[in-house]
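Those protein sequence lines, which keep their order, are chains A and B.
Each residue of the first sequence is one higher than the last, beginning at 1 in our numbering.
Each residue of the second sequence is one higher than the last, beginning at 1 in our numbering.
Everything labelled a hint here was simulated from the structure, so no lab data went into it.
Please note that the accuracy of each hint is not assured.
Identical copies go unnamed one by one, so any copy, or any two together, can satisfy a pair.
Capping the alpha-carbon separation at 30 Å, the derived lysine-lysine pairs in DSS-like fashion look like this [said to hold, decoys possible]: (1) 46 to 21; (2) 28 to 69; (3) 78 to 21; (4) 17 to 69; (5) 46 to 56; (6) 28 to 78.
2 protein chains.
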Amino acid sequence: MYIILVYDIASANGGEKRVGKMLKHCRKYLNWIQNSVFEGEITEVKLKEMLYIARKIMNEETDSIIIFKSRDERWLDKEVIGVERMMTNNFL
Amino acid sequence: MYIILVYDIASANGGEKRVGKMLKHCRKYLNWIQNSVFEGEITEVKLKEMLYIARKIMNEETDSIIIFKSRDERWLDKEVIGVERMMTNNFL
Numbered sequence: 001m002y003i004i005l006v007y008d009i010a011s012a013n014g015g016e017k018r019v020g021k022m023l024k025h026c027r028k029y030l031n032w033i034q035n036s037v038f039e040g041e042i043t044e045v046k047l048k049e050m051l052y053i054a055r056k057i058m059n060e061e062t063d064s065i066i067i068f069k070s071r072d073e074r075w076l077d078k079e080v081i082g083v084e085r086m087m088t089n090n091f092l
Numbered sequence: 001m002y003i004i005l006v007y008d009i010a011s012a013n014g015g016e017k018r019v020g021k022m023l024k025h026c027r028k029y030l031n032w033i034q035n036s037v038f039e040g041e042i043t044e045v046k047l048k049e050m051l052y053i054a055r056k057i058m059n060e061e062t063d064s065i066i067i068f069k070s071r072d073e074r075w076l077d078k079e080v081i082g083v084e085r086m087m088t089n090n091f092l
């Protein structure tokens, strides 16, 4: 399964710390393609694991994660305008 | 065509002003679903128009826009974790 993940962490109440943790966490599973946007192939099991931990990092009352799932990456075309960065790296 | 649009505006050099302009601009064409994330049905012509104006708002050396295009919204499942907001509104 191919997914796009976007998170939005509220800046209040230690948000910056959560942003750092979330970034580090998501990069273990997906490619980081923009500030708070990730994409990549992932299994259902790995996705569940990732979200289980993400819920512990985030504040569910102020933060959000949106995931778009596609069975096949070929069903999605991607276009980047402006700065392109970290398109394929996956290191921590 | 169904698209997901995510922008990332650098905070330096008047970034806050660009964020406000970009938000207002994108909401004319798409549904605002998260901080800098939009989705919706759009025609090729409208998308071109939107991007033409977006390029004038953004600083292409520091900012970026990523667009994921799918011919059919049904090819994508969406999951939201945490705060869900502005899922369907489209007003300005």
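Those earlier numbered hints the structure runs against, lowest number first: none
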